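S.K.: Starting from the structure of chain D, add chain S where the hints point.
2 protein chains.
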Amino acid sequence: MDVSEAIRSRRSIRRYKAGVKIPKEHFEQILEAAMMAPSGCNMRPWEFAVVEDREILSEIMQIHPYANMLHTASAAIIVCGFPQEESSPAAGLWPQDCGASAAYILLESKGLGYGTCWCGVYPNEDRVEALKNIVDTEGIPFCIIAIGVPNEDPAPRGKYDPKKVKFM
Amino acid sequence: MDVSEAIRSRRSIRRYKAGVKIPKEHFEQILEAAMMAPSGCNMRPWEFAVVEDREILSEIMQIHPYANMLHTASAAIIVCGFPQEESSPAAGLWPQDCGASAAYILLESKGLGYGTCWCGVYPNEDRVEALKNIVDTEGIPFCIIAIGVPNEDPAPRGKYDPKKVKFM
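Protein chains in written order, with my numbering: chain D, 1 to 168; chain S, 1 to 168.
Bound conformation, chain D alone (with noise of 0.2 Å):
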């Protein structure tokens, strides 16, 4: 799928076909993907779980008041950041970095035919330590991004805002 296409065709996914199972090479494929995101001094600071378990998942959604689409969702995927020292020049770009991770998920998910949903996560406190306890992480679990086969096709929205952009 041209990237163009996957950019400004994806939309927030909430109903998925359920009992579908994604191979493990795509899984691969997504993270790698996630892998491949710019980050600042080249950190990566990042770790993935993907959530397959029916009751992790069911965790999740009690933990979680926005997560209800992971009934029908194959997996969740869990974005979790590491934060640099305060002294590096990367300090405090963890957040950012996370957040293109996850939207180079979103778009790689896409081109292989999957929906997916964002669900943010930090920097609620509950949410991180709840989370935290779940996925048994040392880092800060940042997103959850379900993901499934869309079993709805939202037309897609936005577009170009020249109030938004000032040339000079």
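It is worth saying that the hints were derived from the structure and are not from the lab. A few of these clues could be false.
As the list claims (entries may be wrong) - Derived pair list, reagent style DSS-like, types lysine-lysine, alpha-carbon separation capped at 27 Å:
hint, chain 1, residue 1, chain 2, residue 2
1, D, K24, S, K21
2, S, K166, D, K17
3, S, K17, D, K166
Unchecked claim - Computed from the model, here is a short list of chain D residues facing chain S with C-beta under 7 Å:
hint, residue
4, A6
5, I7
6, R8
7, L31
8, G40
9, A49
10, E55
11, G111
12, G120
13, G158
14, K166
Remember, it's a predicted structure, so these values are computed and weren't measured experimentally. By construction, the Cβ of each residue, glycine as well, lies at the ideal position given by its N, Cα and C atoms.
M.R.: Quick look at chain S alone, frame taken from chain D:
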């Protein structure tokens, strides 16, 4: 260009063909893509400045220590963010939203044949304040993206690292 190829072949470009003018339609296409990035509660908390004026580009190089590639770049795209109020469910999400939008700029530009380089601004307070004066924005200058026709061709790098992924 295929989305997966765009993701895998993109590198930060620091040498551009000097003197190239990018058509306004291309900036509009790139910034339309930027505006289609996902954002918390779909707030789209961003604005953009496109700087082609060589004097303003010189000012930017004076206040940012790692933006020297602007010497040969055709322009700088400056992404500015707008925080939500503390009471909003989208509070604190704007840096990750702008990170996703910046990633979309890199990929749409790649699809059009342009090279880019993302230079961090936020949360460095000195850079934020100095750039706020130069761009004259009510938002928070988030990053500078140099853009132009590449005059170097760095090999793709990065690959899937299974140590960074946990399956559950």
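S.K.: Could you work out which earlier hints the structure fails to respect and list their numbers in ascending sequence?
M.R.: Violated hints: 1, 10; rest satisfied.
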